[in-house]
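Take the given structure of chain X and dock chain B to it, following the hints.
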Amino acid sequence: MTRRRKTKLKRELIDFTFILPALVIFIYIIIVPLFAGIRYTFTDWNGMAREIHFVGLKNYITVFSDQDLLKPIRNTAIYTVLTTLIINVLGLALAMMVTKEFRGVNIIKSIVFIPLVVSLVLVSYMWMYIYSDLFGYLGLSSPLTKGNTVMLGICAMAIWKEAGLAMMIYLAALKNVPQDFYEAATIDGAGFWAKFRNITIPMIAPAFTYCIPYWIAGGLRMYDYSYVATGGGPNHNSESMAYYIYEYLFPYNKVGYGQTVAMIYLVFCLILSHYVTKALRKREIEM
Amino acid sequence: MIHNTRYKIEKTIRIVILWIVAGISLAPFYVMICYAFKSKEEFTKTGLAFPTSVNLQNFADAFHLKNYINSIVNSAVVSVFVVLTIVICCSSSAYIITRKNNRFYNFIYYFFQMVILIPFQSIMFPLYQELSRAHFLNTLFGVILAELGVYMGYYVFLYAGFVKSVPVALEEAAEIDGCNRYQVYRKIVFPLLKPITMTVIVLCFLASWNDFFLPLILIQKDSMKTLPLMQFFFFGEYSSNVNLAFAASMIALIPPTVIYFCAQKYIVAGMTAGAVKT
Numbered sequence: 002m003t004r005r006r007k008t009k010l011k012r013e014l015i016d017f018t019f020i021l022p023a024l025v026i027f028i029y030i031i032i033v034p035l036f037a038g039i040r041y042t043f044t045d046w047n048g049m050a051r052e053i054h055f056v057g058l059k060n061y062i063t064v065f066s067d068q069d070l071l072k073p074i075r076n077t078a079i080y081t082v083l084t085t086l087i088i089n090v091l092g093l094a095l096a097m098m099v100t101k102e103f104r105g106v107n108i109i110k111s112i113v114f115i116p117l118v119v120s121l122v123l124v125s126y127m128w129m130y131i132y133s134d135l136f137g138y139l140g141l142s143s144p145l146t147k148g149n150t151v152m153l154g155i156c157a158m159a160i161w162k163e164a165g166l167a168m169m170i171y172l173a174a175l176k177n178v179p180q181d182f183y184e185a186a187t188i189d190g191a192g193f194w195a196k197f198r199n200i201t202i203p204m205i206a207p208a209f210t211y212c213i214p215y216w217i218a219g220g221l222r223m224y225d226y227s228y229v230a231t232g233g234g235p236n237h238n239s240e241s242m243a244y245y246i247y248e249y250l251f252p253y254n255k256v257g258y259g260q261t262v263a264m265i266y267l268v269f270c271l272i273l274s275h276y277v278t279k280a281l282r283k284r285e286i287e288m
Numbered sequence: 009m010i011h012n013t014r015y016k017i018e019k020t021i022r023i024v025i026l027w028i029v030a031g032i033s034l035a036p037f038y039v040m041i042c043y044a045f046k047s048k049e050e051f052t053k054t055g056l057a058f059p060t061s062v063n064l065q066n067f068a069d070a071f072h073l074k075n076y077i078n079s080i081v082n083s084a085v086v087s088v089f090v091v092l093t094i095v096i097c098c099s100s101s102a103y104i105i106t107r108k109n110n111r112f113y114n115f116i117y118y119f120f121q122m123v124i125l126i127p128f129q130s131i132m133f134p135l136y137q138e139l140s141r142a143h144f145l146n147t148l149f150g151v152i153l154a155e156l157g158v159y160m161g162y163y164v165f166l167y168a169g170f171v172k173s174v175p176v177a178l179e180e181a182a183e184i185d186g187c188n189r190y191q192v193y194r195k196i197v198f199p200l201l202k203p204i205t206m207t208v209i210v211l212c213f214l215a216s217w218n219d220f221f222l223p224l225i226l227i228q229k230d231s232m233k234t235l236p237l238m239q240f241f242f243f244g245e246y247s248s249n250v251n252l253a254f255a256a257s258m259i260a261l262i263p264p265t266v267i268y269f270c271a272q273k274y275i276v277a278g279m280t281a282g283a284v285k286t
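Protein chains in written order, with my numbering: chain X, 2 to 288; chain B, 9 to 286.
No lab work stands behind these hints, which were simulated from the structure alone.
Cβ atoms here follow ideal geometry from the backbone N, Cα and C, with glycine treated the same way.
Heads up, some of the hints might be wrong.
Said to hold, decoys possible - Covered by chain X, according to a simulated footprint, are these stretches of chain B (three or more residues, beta-carbon under 8 Å):
id, stretch
1, 72-84
2, 152-163
3, 250-258
Isolated chain X (complex conformation) (with noise of 0.2 Å):
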């Protein structure tokens, strides 16, 4: 009995083995992290300092009344709404219409996707010598200069760059979807957007479940446009959360300030990455 045991949990120590890297990897980077951070959020700490003061929940409070909030949440909010509802739309259409077969279509395929080998840095460079020599050209001024239009602005260079994957995406669910279901719904009379609403859309779900998540996440941990495109301006207009989260952190040394912003805007992501990872698992037990 004693010897069964004794194997049977040598198996289970094996078995540990394979995810332990991964593990340790990700206890160390992560979650370590996770927690540390929480204490700086109650000192008025600059980063450097060799004593911190404890300051109790006076950061909590400031946060809540901080005008200078109201920007990076509105530039944010328009970011992840714009680019994750125009990409999975692009992303999408692009894929209907190259999953018939004619000539040229690899080619399509292959130079829609380059843009996504482009680093953020270049796709921010290249776009803004666009912004100002090509529109330059047509009269037109860069909506990178002006307020109401940088976030516009930026949008359409992170659109250009992941319109290409979700393309993929959708293509490979795409090509999941059984042929004769269109032929029998074809049969019956059904038109285009019947077809899509009642064959495509129920039948690519999964895609949808992966890609939505996806851009949602990417778009707020937005940052390297902010950066290196426009700075945060003009005038703060394009100043993301995670831009404004770096200042304080780094330039303005007001790290007890700064992760007290991050910390509060980590349980609102965590609320809905609750919502959508839940969504993510109810898909995994249908599998």
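Just chain B now, with coordinates in the frame of chain X:
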């Protein structure tokens, strides 16, 4: 007959739209090429007109930029280590999570998944402090470690979706033949994961090669900087001669483009069986 002409018109419109989209996808590259292949003087004269002569001076000069070659090597080292570790650790984790499917492993999986949706900014300062105390700042090892932690959840998730589609029967047969878990994994499961592994290699390499944020906070020393940091520095430093900066950036596009084209045919296959299967 009418149906047939209508179908033809629809098809033509579809193809025209697709080529317009492809044109928009390529337009920004055209702007980059114009800058990279023209000297500063030529650019002020001809602007975005098609480059009439092939001028490689900018590319030659790019290699003489301080720390440029260093940054290519740094990026290559980081990306290769990150991709290899992610492939090994995430495929084995996803395998054991899926096959055990008990509370303990699902609990871990739940945490992995949640991190996909957490904003990195909320752990960034404590992580910076932690790595600073361990003297990992300004080292490639620190960047590799941080990227691994941040990326891991997503790739375990991608792998887990695919492992579910791999039949267990083969593994059971191998176990009866006396293979232990390691052998089963190495000889049977891992080879079957090839499509998703190719997808992961492409996506992970792109993420790591292009990552700007982690190196930005973890590396201050110029000789340790990775390519995106260098690009940022070049465009700031040579704002009067962006032609040079664009040429330097264009060279940096070669490795990810090559990897993408080599693995292209696997991407849809990996996604099909992995992330989006019903």
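So, going through the hints one by one against the coordinates:
1. Figure legend: the stretch 72-84 of chain B, annotated as covered by chain X; annotation inconsistent (0 residues with Cβ-Cβ distances under 8 Å, at least 3 required).
2. For the stretch 152-163 of chain B, the stated coverage by chain X is satisfied: 7 residues place a CB nearer than 8 Å to a CB of that chain, which reaches the threshold of 3.
3. Counting residues of the stretch 250-258 of chain B whose beta carbon lies closer than 8 Å to any beta carbon of chain X gives 4, which reaches the threshold of three, so the coverage claim holds.
Checked against the numbered hints above, the structure violates only hint 1.
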